[in-house]
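J.: Protein chains in written order, with this note's numbering: chain C, 11 to 285; chain B, 359 to 981.
Calculated directly from the structure, the hints in this document are not laboratory data.
It cannot be assumed that every hint is accurate.
Simulated pairs of lysine-lysine, BS3-like, Cα-Cα distance not exceeding 25 Å [as the list claims (entries may be wrong)]: (1) C:K16 / B:K609; (2) B:K806 / B:K877; (3) B:K609 / C:K131; (4) B:K644 / C:K16; (5) B:K429 / C:K132; (6) C:K146 / C:K108; (7) C:K146 / B:K429; (8) B:K737 / C:K16.
Taking CB as the label site, the calculated pair distances span [to be verified]: (9) B:F509 / C:S51: 48 to 58 Å; (10) B:Y545 / C:G19: 32 to 42 Å; (11) B:F873 / C:P83: 48 to 58 Å; (12) B:G439 / C:P12: 36 to 46 Å; (13) B:L748 / C:R268: 53 to 63 Å.
For the chain C half of the interface with chain B, some residues (derived, Cβ under 7 Å), not all of them [to be verified]: (14) V31; (15) N89; (16) T93; (17) S222.
Cβ coordinates follow ideal geometry from the N, Cα and C atoms, glycine included.
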Amino acid sequence: MPVLVKVLGFSLALTLGFTLVTNLLPQIEGEAPVEKTLDISAFTEESFIALGEELFKGNGTCTLCHNNMGRAPDIPVMNMVETSQERLADNRYKGEAKDAESYLRESMLNPGIYVVKGYGKKGSNDTQSPMPIVDKAPIQLSDIEIDAVIAYMQAKDGNLVTVALPTAEAASPPAKAEKTVQQATPTIAQNAEQAITQYGCTACHSLLEIESPVGPDLRDVGTRLDTEEIRQSILEPNAVIAEGYFPMMPSDFAERMRVKELEMIVQYLAEQSGE
Amino acid sequence: MLAIVGFSFSPHLLPIVAAADTAMDAQAIAERIQPVGKVRLLGKPEPVIEEKIPDTLSHENQEQELIPAPKLTRSDYPNIGVSSRSVVWLIAQLHLFFAAFVLAVPLFVLVIELIGFKTGDWRFDDMAHEFMKISLSAYSITALFGGTLAFALFLLYPQFMAYMMRVFNTQTLIYAALFFAESALLYIYYYGWNAMRYGDAKWVHLTIGLLLNVVGTTLLVVANSWASFTMAPSGVNEMGAITGNIWEIMKGPLWNPLNLHRFIANIAFGGAIVGAYAAYKFLSAKTQAEKAHYDWMGYTSNFIAILAFLPLPFAGYWLMAEIYAYSQQMGITAMGGILAWLFVVQAVLIGTILLAGNYYLWSGMSRTQGSERYTWLIKYIAFVLVVGFLIWVTPHTLILSPDEVATLGGSHHHLLGPLGIMPAKNIAVNLMLIFTFLSFQLYRRSDKIITVPWAKAGNALIVAIYVVAIVNVIFAGVYYGYFTNTVYKVGSSVIQVMSTLMVIISCVVIDTFMFKGAKILPSHWGKVSDRSQYALFALPIAFTWLMALMGYVRSSVRTHWHVYTVMKDNSPENYIPAIGHAGNMITIATLLFLVIILFIFWLASLSSTKQAPPVEQTATGGA
Numbered sequence: 011m012p013v014l015v016k017v018l019g020f021s022l023a024l025t026l027g028f029t030l031v032t033n034l035l036p037q038i039e040g041e042a043p044v045e046k047t048l049d050i051s052a053f054t055e056e057s058f059i060a061l062g063e064e065l066f067k068g069n070g071t072c073t074l075c076h077n078n079m080g081r082a083p084d085i086p087v088m089n090m091v092e093t094s095q096e097r098l099a100d101n102r103y104k105g106e107a108k109d110a111e112s113y114l115r116e117s118m119l120n121p122g123i124y125v126v127k128g129y130g131k132k133g134s135n136d137t138q139s140p141m142p143i144v145d146k147a148p149i150q151l152s153d154i155e156i157d158a159v160i161a162y163m164q165a166k167d168g169n170l171v172t173v174a175l176p177t178a179e180a181a182s183p184p185a186k187a188e189k190t191v192q193q194a195t196p197t198i199a200q201n202a203e204q205a206i207t208q209y210g211c212t213a214c215h216s217l218l219e220i221e222s223p224v225g226p227d228l229r230d231v232g233t234r235l236d237t238e239e240i241r242q243s244i245l246e247p248n249a250v251i252a253e254g255y256f257p258m259m260p261s262d263f264a265e266r267m268r269v270k271e272l273e274m275i276v277q278y279l280a281e282q283s284g285e
Numbered sequence: 359m360l361a362i363v364g365f366s367f368s369p370h371l372l373p374i375v376a377a378a379d380t381a382m383d384a385q386a387i388a389e390r391i392q393p394v395g396k397v398r399l400l401g402k403p404e405p406v407i408e409e410k411i412p413d414t415l416s417h418e419n420q421e422q423e424l425i426p427a428p429k430l431t432r433s434d435y436p437n438i439g440v441s442s443r444s445v446v447w448l449i450a451q452l453h454l455f456f457a458a459f460v461l462a463v464p465l466f467v468l469v470i471e472l473i474g475f476k477t478g479d480w481r482f483d484d485m486a487h488e489f490m491k492i493s494l495s496a497y498s499i500t501a502l503f504g505g506t507l508a509f510a511l512f513l514l515y516p517q518f519m520a521y522m523m524r525v526f527n528t529q530t531l532i533y534a535a536l537f538f539a540e541s542a543l544l545y546i547y548y549y550g551w552n553a554m555r556y557g558d559a560k561w562v563h564l565t566i567g568l569l570l571n572v573v574g575t576t577l578l579v580v581a582n583s584w585a586s587f588t589m590a591p592s593g594v595n596e597m598g599a600i601t602g603n604i605w606e607i608m609k610g611p612l613w614n615p616l617n618l619h620r621f622i623a624n625i626a627f628g629g630a631i632v633g634a635y636a637a638y639k640f641l642s643a644k645t646q647a648e649k650a651h652y653d654w655m656g657y658t659s660n661f662i663a664i665l666a667f668l669p670l671p672f673a674g675y676w677l678m679a680e681i682y683a684y685s686q687q688m689g690i691t692a693m694g695g696i697l698a699w700l701f702v703v704q705a706v707l708i709g710t711i712l713l714a715g716n717y718y719l720w721s722g723m724s725r726t727q728g729s730e731r732y733t734w735l736i737k738y739i740a741f742v743l744v745v746g747f748l749i750w751v752t753p754h755t756l757i758l759s760p761d762e763v764a765t766l767g768g769s770h771h772h773l774l775g776p777l778g779i780m781p782a783k784n785i786a787v788n789l790m791l792i793f794t795f796l797s798f799q800l801y802r803r804s805d806k807i808i809t810v811p812w813a814k815a816g817n818a819l820i821v822a823i824y825v826v827a828i829v830n831v832i833f834a835g836v837y838y839g840y841f842t843n844t845v846y847k848v849g850s851s852v853i854q855v856m857s858t859l860m861v862i863i864s865c866v867v868i869d870t871f872m873f874k875g876a877k878i879l880p881s882h883w884g885k886v887s888d889r890s891q892y893a894l895f896a897l898p899i900a901f902t903w904l905m906a907l908m909g910y911v912r913s914s915v916r917t918h919w920h921v922y923t924v925m926k927d928n929s930p931e932n933y934i935p936a937i938g939h940a941g942n943m944i945t946i947a948t949l950l951f952l953v954i955i956l957f958i959f960w961l962a963s964l965s966s967t968k969q970a971p972p973v974e975q976t977a978t979g980g981a
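If we strip away everything but chain C, and leave its shape as in the complex, we get (with noise of 0.2 Å):
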């Protein structure tokens, strides 16, 4: 048989069983998520409880982590309602959350604001968390979604619902998709780095270890501001335009700002001295 026969016949029997190994195991597809349009006025308890299992089990990828590898708390074993009440009193707690609903809420949002014992990331001493904030891509669940997840999280141990069903008013139109630079986000920042994320500054100004040069860099704003200035510079930034630079800064942050994120933006600014 010739040489060429042979090596072919040979090369062909062994890529075919490579490939018969891959047939022979379960064959899964990974699909992308589908986004759902919600009937805000059908919801219901029972199914927005359902709603919020059924994110959690899919879409939001919670059981990627929290499940029974010991990768992050195995929720779906744990009471979350009585485990928040139990965090909230830990004197490592620095939130601001009051109740387990607001506590589920700040952990979603803000992971890091609190990192429980051995779930940090490696080298950080459990000061940072490794779970991606959910409003954020890639799992941008909006804040109906993320109610829906907490009513799950406290009616699968039996506890009260507290999250209220979601309004037409609350809906907050798919601004997981559809958020660009231009538009606020409904989520309330927790920290001045997280607003300054969700308003986009780093875009333009050199900030939070982000280098931009089309705005002035803010990493020694502190040495050349005060407050009052920094705030005037945020809700009227038209009104005095730093040389070398054109107005191009959105002016309609006085609308689309809370005003506790308008400080903790200010404070953190104001000491901001390029150190």
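Dock chain B against chain C, hints included.
T.: Okay, now just chain B, sitting in the frame of chain C:
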């Protein structure tokens, strides 16, 4: 009193600023406010503020708008009647196979050429030249697939490509320019081989080879930046708008791990392919001299492939660790989620590679009688390799149906479950690597009788190193893997890797000293079984298949994103395909590659084939 030019009157601001600045002169104010505000004292002229526009702020930058990444709908994807993803998948994979090959071959060819030049053994030089001959034909095929891939991407994913062009901008032209440089250097290197073969001219030739590799490696890392950007974008904001310069875009968190992994993998892959060439020529050889030449060439190729393969798992581990550090979610998608079964297939492939590589070495020991001293060890090495392979294929975290969970008695099998976790696999793979190195070491020793007076002590030291390393690998894996928190489980790998590397490095060093003055037993090149040559075919097939499989997982971890977290994939095929479908696609790509590479082997033979001149017909008869 102070007013700020352009400010509307702001009653809450003025008193504070005015009070603070009563003692300030215009210069102080200018320094304080600049560059954010332009101020002057009421009744005084405007202070002169030095124009200091940052260098980075060119006119173009000032006018640059922050344009977010496009949000695509189904209608943004042209439909050509066949699966767009499959078309791009196949072409991209073939381009990558050939690109990896043509970038890798000059790397080891340069080393072989240098060895030949320094040792004066011109067999090395001839072999290096022959390797380049194969690579040269593959180069044009790489370019053909590269061009086709670009057309396919622009045709089928125009918006994605438009975004990538906006992000990478003129860097793509630099890439094209590098390709010109690569072509020129490659042709000069190959065609100038005999013209610059001896003396100082050889140094010129070697320098050209070095430049060729510098340019080639630069091409590799530039192209890698495109892939790593889609996995972990940097230099853009969360909307995908460009905020950084090209360097910030390129140096994402996964770029260097990917660079290292691909660089090493390419060498292993290239070595395996030229090994197949040698095996093919060996099997087709008509004379003993030819057999001896190609046997030696096959041995060298296998040596290159396995040597590059040994550190590859560690580079892969670094890449995976960086993926976890960048996004735990992405890491778990790859290792513990929907793609988890894939690593069972990976284990099968790497098991094939290690078994084939070892089998080839064991077969090769028959070339010399001195190998009889070590043949008793082979069965133990084989045992460790098989057990290690079985541990490696043991799955752990799988997506199971309720029926399967019930059958299994839980989410994990009570006996096999502990073998499925990473620490067990780390023990297995490190032991497999250590024992593969042992095969290699035995092979090197089989044609030598060591004569140094400290031979016994040296051997004892080597045995001790092996024992300590093996104990260390097992202890670290068991202790960290089963008696500490999950976060620390991966900590064992560092100790294990160090143990494995320690064996390899220290044994190579000790052997180098021990081989001084050693009596060399005759090696009979060409005296190996034909069966051993099929091991040299198994290697490139498994490597090729493995490379495509890893490409599938690298691409799939982005899930439904073109560019992770900033640009969604809304095409009809934005889901992760099932492993069976991926296997079929990989097989098609691998077989196409093998057919083309066999054609290249044939071309290489054709170039050295000369037709016998026609025998002149003499008229022997008349009309």
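J.: Decide, hint by hint, whether the structure agrees.
T.: We went through each hint and held it up to the structure:
no.: 1; hint: C:K16 / B:K609; result: violated, 47 Å
no.: 2; hint: B:K806 / B:K877; result: holds, 6 Å
no.: 3; hint: B:K609 / C:K131; result: holds, 22 Å
no.: 4; hint: B:K644 / C:K16; result: holds, 17 Å
no.: 5; hint: B:K429 / C:K132; result: violated, 34 Å
no.: 6; hint: C:K146 / C:K108; result: holds, 24 Å
no.: 7; hint: C:K146 / B:K429; result: holds, 16 Å
no.: 8; hint: B:K737 / C:K16; result: violated, 29 Å
no.: 9; hint: B:F509 / C:S51: 48 to 58 Å; result: holds, 50 Å
no.: 10; hint: B:Y545 / C:G19: 32 to 42 Å; result: holds, 36 Å
no.: 11; hint: B:F873 / C:P83: 48 to 58 Å; result: holds, 57 Å
no.: 12; hint: B:G439 / C:P12: 36 to 46 Å; result: holds, 39 Å
no.: 13; hint: B:L748 / C:R268: 53 to 63 Å; result: holds, 59 Å
no.: 14; hint: V31; result: holds, 6 Å
no.: 15; hint: N89; result: violated, 21 Å
no.: 16; hint: T93; result: violated, 18 Å
no.: 17; hint: S222; result: holds, 5 Å
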